[in-house]
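Q: Chain by chain, the residues:
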Amino acid sequence: MSTQLDLVPVKPTTAIVGEASPRKSGRAVWFRLLANDRVAACAAVVLALVLLTALFGPMLIGNVATSIDLDNSNQAPFTLAHGWANVLGTDPLGRSMLARLIVASRTTLSVAIPAVVISAVIGSLIGMWAGFYRGWRETVAMRVADVIMSFPSLLLAVVVLYVFSPSAANIVAVLALTRIPVYLRTARAESAELQSRLFVDAARTFGASAPSIITRHVLPIVLPTLLTVATLDFCYVMLAESSLSFLGIGIQPPDVSWGLMVAQGRTYLNSAWWLSFFPGLAIVITTVSATILAAWARIATDPGQRWRLTVPQKRLSRFTKTGKAL
Amino acid sequence: MSDQLLQVRDLRKTFRVPGSKTGLTALDGITLDVGRGETLGLVGESGCGKSTLARTLMMLERPDSGSVTFDGIDPFSLRGKDLLKFRRRVQMVFQDPYASLNSRMSAGDLISEPWRTHKTLYASRSARETRVRELLDLVGLGAKAADKYPQEFSGGQRQRIGIARALALNPDVVICDEPVSALDLSVQAQVLNLLNDLQKELGIAYVFISHDLSVVRHVADRVAVMYLGRIIESGPTEAVFQSPSHPYTAALMSAAPKLDAAHRGERILLKGEVPSPLNPPSGCRFRTRCWKATDICAAERPPLAVDPHSATHGAECHHPLVGEPALSASA
Amino acid sequence: MTAVAEHSSADVVDADPALQVEGLTVDIRTISGTVRAVNDVSFEARRGETLALLGESGCGKSMTATALVGLLEPVAEVTAGSAKLTGRDGVADLLAVDRKTRRRLAGTELAIVFQDALTALNPLYTVGTQLAEPFQIHHGMKSKEAKAKAVELMARVGIPQPETRLNSYPHQFSGGMRQRLLIAMAVALNPRVLIADEPTTALDVTVQAQIMELLRGLRSEYDMAVVLITHDLALVAEEADRVAVMYAGNIVETGLVSEVFANPRHPYTKGLLDSVPVNAVRGEELKSIGGAPPDLHSIPQGCAYQARCPLAQDVCRTTRPTLNPVGSRHQSACHFPQEVVNV
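Protein chains in written order, with my numbering: chain E, 1 to 326; chain D, 1 to 331; chain H, 1 to 343.
Derived from the structure by calculation, the hints contain no laboratory data.
A couple of the hints might just be wrong.
EDC-like, lysine to aspartate or glutamate: derived pairs with alpha carbons at most 20 Å apart [stated by the list, open to error]:
1. H:LYS287 - D:ASP212
2. D:LYS200 - H:GLU285
3. D:LYS144 - D:GLU134
4. H:LYS287 - D:ASP260
5. D:LYS200 - D:GLU38
Based on the provided sequences and hints, a complete structural model is requested.
A: What follows is the structure in structure tokens.
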């Protein structure tokens with residue numbers, strides 16, 4: 001009996017020879033896929049910068065964000081006349097916009113990220129369980145998701161936060177609750193499809209219990225989709241938090257978030273436009289980058305679509321499926 | 001017979017189909033025997049029920065009626081720990097080497113997966129690793145394959161992983177559901193040789209399901225031909241192939257293209273296609289396509305006609321082909 | 001109802017080939033580099049004859065077909081070669097025509113039947129609409145006329161009660177019937193060349209026999225050149241007149257089926273013939289080809305088959321063999337064609 005190991009999966013009818021390559025280190029392939037899509041690569045860099053700012057920024061700037069300097073109130077941006085810290089202007093209390101943006105990034109992300117993580121974990125677990133078993137479990141889970149979804153989420157948040165005080169923890173909790181159905185439905189759909197697959201049947205034939213099958217087989221396959229959904233959801237949650245802060249029931253002063261900064265700058269829109277503009281810009285840049293990265297991830301994690309990231313962009317744009325350029 | 005490892009008697013299974021009163025009868029009274037260490041070939045075209053039969057024998061489906069006796073035990077009456085222990089004795093090799101292996105698990109993980117449920121078999125980690133290496137050697141892949149992922153293997157090698165996984169629990173019977181259909185010809189021969197060697201070495205019985213007659217003829221001791229949920233002919237392989245009693249068997253053998261011109265006889269072309277299992281014909285199910293059909297075929301279920309030359313060779317037919325010249329002469 | 005499977009392999013007609021492919025080369029761009037899926041492939045298809053492209057998965061036979069009809073995936077590209085199609089209006093090079101000409105040739109001179117009928121038919125349109133389409137496009141017929149033609153066509157390919165089934169949808173037909181529909185669409189406009197890419201692989205063997213009989217009948221009725229792409233040796237033995245055996249993107253042996261199968265002159269062909277469990281004794285080992293199918297990313301220098309070949313010598317590792325005559329109309333790409341008999 002031969003012990004040769006070749007490295008080609010020979011699928012009966014496939015033209016995508018790309019899948020046949022030997023398994024390079026996972027990282028190398030991903031970096032190449034990312035590098036091929038320049039826009040997505042930029043988006044990834046931007047998000048990385050935002051994350052780093054949120055993590056290390058506040059430490060580096062010390063208390064520049066909170067030092068009130070009434071002589072310098074409402075200074076215009078783009079001049080270094082008032083010191084490097086005020087290059088993006090100052091707010092009515094003379095605090096540096098740049099410094100406040102940096103501190104606000106931490107608050108914004110520390111609300112958005114936990115909310116996404118909590119809703120993702122709870123929603124996915126329930127969804128996978130419901131989808132795997134089908135039957136009444138599936139029906140109940142879907143109806144619960146429907147109920148949550150039928151409430152306008154922002155309205156629900158307003159009510160909850162008005163009744164309970166608007167602390168950061170409460171905001172995270174209510175945002176997480178309203179986002180659970182998204183993960184639940186996605187996870188359920190994937191799980192329901194996977195549970196009929198052959199390798200799951202194989203696991204059943206040696207008597208594996210349902211929870212172990214879910215952990216071993218369903219979860220690793222559903223994970224990429226859920227991560228893509230989570231990236232998009234991150235945008236939504238960030239915007240939701242910004243809206244809540246704008247309405248005054250989100251982050252309360254002296255804490256600062258981008259949404260709150262936008263709200264606080266509202267009354268100065270005519271005179272000091274930079275007060276609302278820069279935090280708004282920060283929100284836009286972050287959400288757009290996350291959306292672009294999510295679109296890239298959707299293609300990159302799908303082995304059937306991955307080829308789009310290997311064809312040079314110029315050639316790709318000339319193609320439709322039928323009108324192949326000769 | 002007590003030396004029969006697996007005895008199936010009058011197995012029936014109907015699936016409910018929305019919109020249909022009768023439902024889909026996948027198994028309509030299946031009776032068969034598998035002896036220790038022997039290979040039973042199961043032949044049939046799509047819709048005949050062989051997949052359902054395989055799944056029922058693997059206890060992935062519960063039959064509506066009929067009995068399955070495995071070494072004297074009725075597996076469907078077992079519960080809990082006893083059921084779990086029983087599952088070790090019957091394992092399956094699946095058709096699709098791509099879909100039956102989770103591509104995110106390494107070969108070693110895949111082969112040792114059954115032991116995560118049957119923890120007592122190889123209790124220590126080193127025992128498991130040793131056994132994985134032994135199994136990989138047994139199927140001709142070599143111990144180094146344990147860390148590689150399915151994408152790094154060809155179809156034939158993936159099937160070997162599937163076979164190693166099926167052997168992990170030391171079963172007595174392995175049900176092979178079209179194990180070589182998705183493989184290239186050159187690889188097919190390797191895998192068939194492997195299955196043959198394993199049977200000689202380990203004494204496993206096989207239920208070998210295939211639509212490829214030449215493969216079945218090579219591997220099986222006995223053959224059963226299925227059509228629309230019933231076994232319409234069964235017997236020793238050579239008896240069935242050389243002198244098929246049932247017209248369907250004859251047509252099947254004649255339809256398969258043959259490499260050697262000497263083996264080609266007059267080709268029988270059947271009329272039409274397989275009737276829908278939702279609405280099978282009355283009496284003999286094959287009568288709508290059979291050139292020998294008469295009135296009695298529509299009225300009554302055909303009885304078992306036994307071949308005078310071979311007591312274990314029988315076909316369910318009102319007008320069996322006994323005594324007529326063989327339609328596919330063998331070398 | 002019986003029919004005899006016969007084709008006269010001795011009947012060699014020396015007509016002008018309807019399709020002449022020379023030096024076809026297809027490259028595929030992958031994440032880890034460019035891969036040559038089809039390498040310098042040349043063959044001819046004559047009217048009234050069936051040429052089989054025989055090989056296992058990954059040998060490039062399907063890619064050759066898709067390249068000829070212009071349906072290559074975006075990552076694949078024809079980098080060399082010509083494919084001269086002799087049609088009613090003269091000769092055209094399929095790989096060099098513009099889109100307009102290609103549209104004109106599609107269906108009228110060159111047609112293709114795919115393996116999976118369910119995905120090749122549009123599930124949203126009735127069968128009648130889809131069958132009438134070629135007539136409306138190329139012959140400018142009105143809908144009613146075209147539908148009448150469609151009924152005729154359905155009857156010809158053996159679909160019962162065609163008038164009523166005109167308004168059925170593809171999913172309402174069985175697998176064999178759908179394949180007949182695909183064949184009907186392909187032959188609707190009497191093409192000179194019909195390419196059948198694994199037309200019966202997904203079908204039951206009794207249905208396969210019916211479909212192949214249908215193709216045979218249509219071939220003689222329309223005097224078509226049929227290019228049959230398959231991995232099934234027995235099917236080639238029964239249905240094809242000539243065969244081109246492919247391995248790793250190259251044609252390794254070509255000639256009359258009767259000649260090639262009786263006297264294979266390439267170790268791969270011989271290995272394939274030996275692997276078929278035909279006369280094998282129950283319980284004995286089957287002769288199998290060692291090793292595994294080739295990785296197109298790393299084809300070695302010299303002969304692509306060297307890793308699995310029992311006859312491999314030094315020259316095989318350095319020089320790639322080209323097709324050389326080894327008999328009457330029989331060519332083999334091997335350095336030691338005479339030794340094959342001893343394998």
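Q: Confirm or reject each hint.
A: Cross-check of the supplied hints:
no.: 1; hint: H:LYS287 - D:ASP212; verdict: 18 Å, holds
no.: 2; hint: D:LYS200 - H:GLU285; verdict: 12 Å, holds
no.: 3; hint: D:LYS144 - D:GLU134; verdict: 11 Å, holds
no.: 4; hint: H:LYS287 - D:ASP260; verdict: 17 Å, holds
no.: 5; hint: D:LYS200 - D:GLU38; verdict: 10 Å, holds
Comparing the model with each earlier hint shows no violations; every hint is respected.
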